[in-house]
Amino acid sequence: MPGASPSAIVVLPEERRLALQRSYARAGAAGRVKGLVVFAALLIAVAIAVRVAEIDPATFWRKIGGFTSYVDRIATLDSGQRVWTNPIEWFWGLRRWLRLLGETLLTSYVGTLWGAAAAFILCFAASANTCQSAALRFCAKRFLEFCRTVPAIVFALVFVVAFGLGPLPGVLALAVHTVGTLGKLFSEVVENADMKPMEGVKASGATLVEIIRFGVLPQILSNFATYTLLRFEINVREATVMGFVGAGGIGDEFLIAIRSFYYSDISAILVLIILTVFIIDLSTEQLRRRFLSDRVK
Amino acid sequence: MKIVDPAPAEIAGLAERYPEFLRPRLKTRIAPAATAAAILGLFVFGLVYLDFSPARLLDGLVALARFAALMVPPSPEGHFLLFAQSLAETLAIALLGTLTASILAFPFGLAGARNVVANPIIHFLVRRVLDIIRSVDTLVWALLWIAVVGLGPFAGVLAIASSDLGALGKLFAETLETGDARALEGVRAAGGARVQGVRFGILPQALPVLAGQALYFFESNTRSATIIGIVGAGGVGLHLYEAIRTLEWREVSFIVLMILVAVAIIDFGSSRLRAAMGAKSAG
Numbered sequence: 001m002p003g004a005s006p007s008a009i010v011v012l013p014e015e016r017r018l019a020l021q022r023s024y025a026r027a028g029a030a031g032r033v034k035g036l037v038v039f040a041a042l043l044i045a046v047a048i049a050v051r052v053a054e055i056d057p058a059t060f061w062r063k064i065g066g067f068t069s070y071v072d073r074i075a076t077l078d079s080g081q082r083v084w085t086n087p088i089e090w091f092w093g094l095r096r097w098l099r100l101l102g103e104t105l106l107t108s109y110v111g112t113l114w115g116a117a118a119a120f121i122l123c124f125a126a127s128a129n130t131c132q133s134a135a136l137r138f139c140a141k142r143f144l145e146f147c148r149t150v151p152a153i154v155f156a157l158v159f160v161v162a163f164g165l166g167p168l169p170g171v172l173a174l175a176v177h178t179v180g181t182l183g184k185l186f187s188e189v190v191e192n193a194d195m196k197p198m199e200g201v202k203a204s205g206a207t208l209v210e211i212i213r214f215g216v217l218p219q220i221l222s223n224f225a226t227y228t229l230l231r232f233e234i235n236v237r238e239a240t241v242m243g244f245v246g247a248g249g250i251g252d253e254f255l256i257a258i259r260s261f262y263y264s265d266i267s268a269i270l271v272l273i274i275l276t277v278f279i280i281d282l283s284t285e286q287l288r289r290r291f292l293s294d295r296v297k
Numbered sequence: 001m002k003i004v005d006p007a008p009a010e011i012a013g014l015a016e017r018y019p020e021f022l023r024p025r026l027k028t029r030i031a032p033a034a035t036a037a038a039i040l041g042l043f044v045f046g047l048v049y050l051d052f053s054p055a056r057l058l059d060g061l062v063a064l065a066r067f068a069a070l071m072v073p074p075s076p077e078g079h080f081l082l083f084a085q086s087l088a089e090t091l092a093i094a095l096l097g098t099l100t101a102s103i104l105a106f107p108f109g110l111a112g113a114r115n116v117v118a119n120p121i122i123h124f125l126v127r128r129v130l131d132i133i134r135s136v137d138t139l140v141w142a143l144l145w146i147a148v149v150g151l152g153p154f155a156g157v158l159a160i161a162s163s164d165l166g167a168l169g170k171l172f173a174e175t176l177e178t179g180d181a182r183a184l185e186g187v188r189a190a191g192g193a194r195v196q197g198v199r200f201g202i203l204p205q206a207l208p209v210l211a212g213q214a215l216y217f218f219e220s221n222t223r224s225a226t227i228i229g230i231v232g233a234g235g236v237g238l239h240l241y242e243a244i245r246t247l248e249w250r251e252v253s254f255i256v257l258m259i260l261v262a263v264a265i266i267d268f269g270s271s272r273l274r275a276a277m278g279a280k281s282a283g
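Each protein sequence line maps, in turn, to chains A and B. Sequential numbering from 1 applies to the first sequence in my numbering. Sequential numbering from 1 applies to the second sequence in my numbering.
Calculated directly from the structure, the hints in this document are not laboratory data. By construction, the Cβ of each residue, glycine as well, lies at the ideal position given by its N, Cα and C atoms. Incorrect hints may appear among the rest.
Said to hold, decoys possible - Stretch-level coverage of chain A by chain B, calculated; a stretch enters the list once three of its residues show a Cβ under 8 Å from a Cβ in chain B:
(1) 35-49
(2) 56-67
(3) 100-110
(4) 144-152
(5) 156-164
(6) 192-205
(7) 271-283
Stated by the list, open to error - Anything over 12 Å on all C-beta distances counts as not near chain A; from chain B, calculated:
(8) Tyr18
(9) His79
(10) Val198
Okay, chain A solo, but in the shape it has when bound (with noise of 0.2 Å):
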């Protein structure tokens, strides 16, 4: 509206007004048309999906109702009350679903610990400033990229064959793929760390460890301390599963009240496990903003 304009704005001779307008929308179209494009080719990929998913987008609005009564059943007690009129019946089996949480808990705890430590040997031997023989190096990789890509599940499934029911298979497959995960991120923390300290402890004759100890360790061990704290909270979710394949923690008792449709009881551990996963999120970040602290210090 350039007539319109009041005074103190300048306003721009009506030709140079149209050159400029007119690039502007050269500029914007070259984007459109590469919108366009992209959203063109998600839309056949989604095409592709539904059809090897088998997925008809009408069962999806015949169903979704499906969700609303499922929401309104497991908030309803044998009763017929609504679960938080009565938490007494509603938490009735609490004692045991809390020694379960208890044994999910110790389950990421020590599966976490364990991959820990054993992620904290094999960095070294992963990271090129501290491992000379590259192909010690490329073995160690591979072998944590191997522990990282297949899911804790999968290892959990595999060890319950091998090692028998219970939460001892759950902790050992936790800490196969802490050790993938957590031995990755260790060892770019050790090779991001800064040289010369390990210089000069090698120039005063240490030895490998030494090296390791006093040059360093000093600098990493904060660092590797916060990758556990948010490794263990990310387990903590995952050994809530572990249950599903038979390898302890709340999940199985979470399982046989889905089969068994024990509408309440679903809820019921539902909220326990999001009050204990809140709960060690809290804590873990109190924690870690200690150790950050401690750092600055």
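With the hints as your guide, set chain B onto chain A.
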């Protein structure tokens, strides 16, 4: 050069000036040892409580070695087409699940970003809802959705979509918040309404980042989608589960290899795509 030991008098002087180095307080001396002891103590308690015994570990390791020997050579045992088809189904589940999650997470991200929705109550509520969604594992979501829509890949798509909604929504909100505030201020100063400020001030810088994050989630979801079949939510996980339960170890190793290859290909393609997008948004 010779290193000279400081004279005793000097040591006393040093100790007075730097007490924290030469005479560490009891607390700073004991704290690390106590922490280490507590960590180790809980670890040992865990081992005992969770029924670890050397004999059991040894038996299991021997069994594992036997399984590993039985796994070579990997072979589909005539089920290659079936496995390939269900692997394709897995990828389809990952794609549809991630896409659904991204589309749903976008409004959640907007509502959870402080610079878009100024109301602290809405902000707080959205963040907590996302936290709750996030704290439930994908496999738990899969079981719940199976109870609602029945067995099959549809439940898998919904499971991936719901567990990612929590993570992506939080990530989107944080990305929108960390954007450069000057663009938004510029649009507002030129007389733009709040909506226009979001559209022209925040979204242009955030969208490429959000797309990159969604792509990264697709990458990690190809891994999650391989396992939701274990509880019956479609994809190659079902066959893996069956093969392990029936001790068909050569099939097991074949399926795991197939998954590893598929994941590697997706990782490669998507990291190339993300690098291209990053280069574009940086330039």
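Comparing the hints with the structure gives:
1. With 5 residues having a Cβ less than 8 Å from any Cβ of chain B, the region 35-49 of chain A passes the three-residue criterion, so the hint holds.
2. Three residues within the 8 Å Cβ limit are the bar, and the region 56-67 of chain A against chain B gives 5, so the coverage statement holds.
3. Counting residues of the region 100-110 of chain A whose CB lies closer than 8 Å to any CB of chain B gives 5, so the stated coverage by that chain holds, three being the minimum.
4. With a threshold of 8 Å between beta carbons, the proposed coverage of the region 144-152 of chain A by chain B holds, since 4 of its residues qualify and at least three are required.
5. A stretch counts as covered by a chain when three or more of its residues have a beta carbon under 8 Å from one of that chain; for the region 156-164 of chain A and chain B the count is 7, and the coverage holds.
6. Judged by the Cβ-Cβ criterion of 8 Å, the region 192-205 of chain A is not covered by chain B as claimed, because only 0 of its residues qualify and three are needed.
7. With a threshold of 8 Å between beta carbons, the proposed coverage of the region 271-283 of chain A by chain B holds, since 5 of its residues qualify and at least three are required.
8. The beta carbon of tyrosine 18 of chain B is kept farther than 12 Å from every beta carbon of chain A, the shortest such distance being approximately 15 Å.
9. Against the 12 Å criterion, histidine 79 of chain B stays outside the reach of chain A, whose nearest CB is about 18 Å from its own CB.
10. Taking the minimum C-beta to C-beta distance to chain A, about 19 Å, the non-interface status of valine 198 of chain B holds against the 12 Å cut.
Going through the hint list in order, the structure does not satisfy hint 6, though it satisfies all others.
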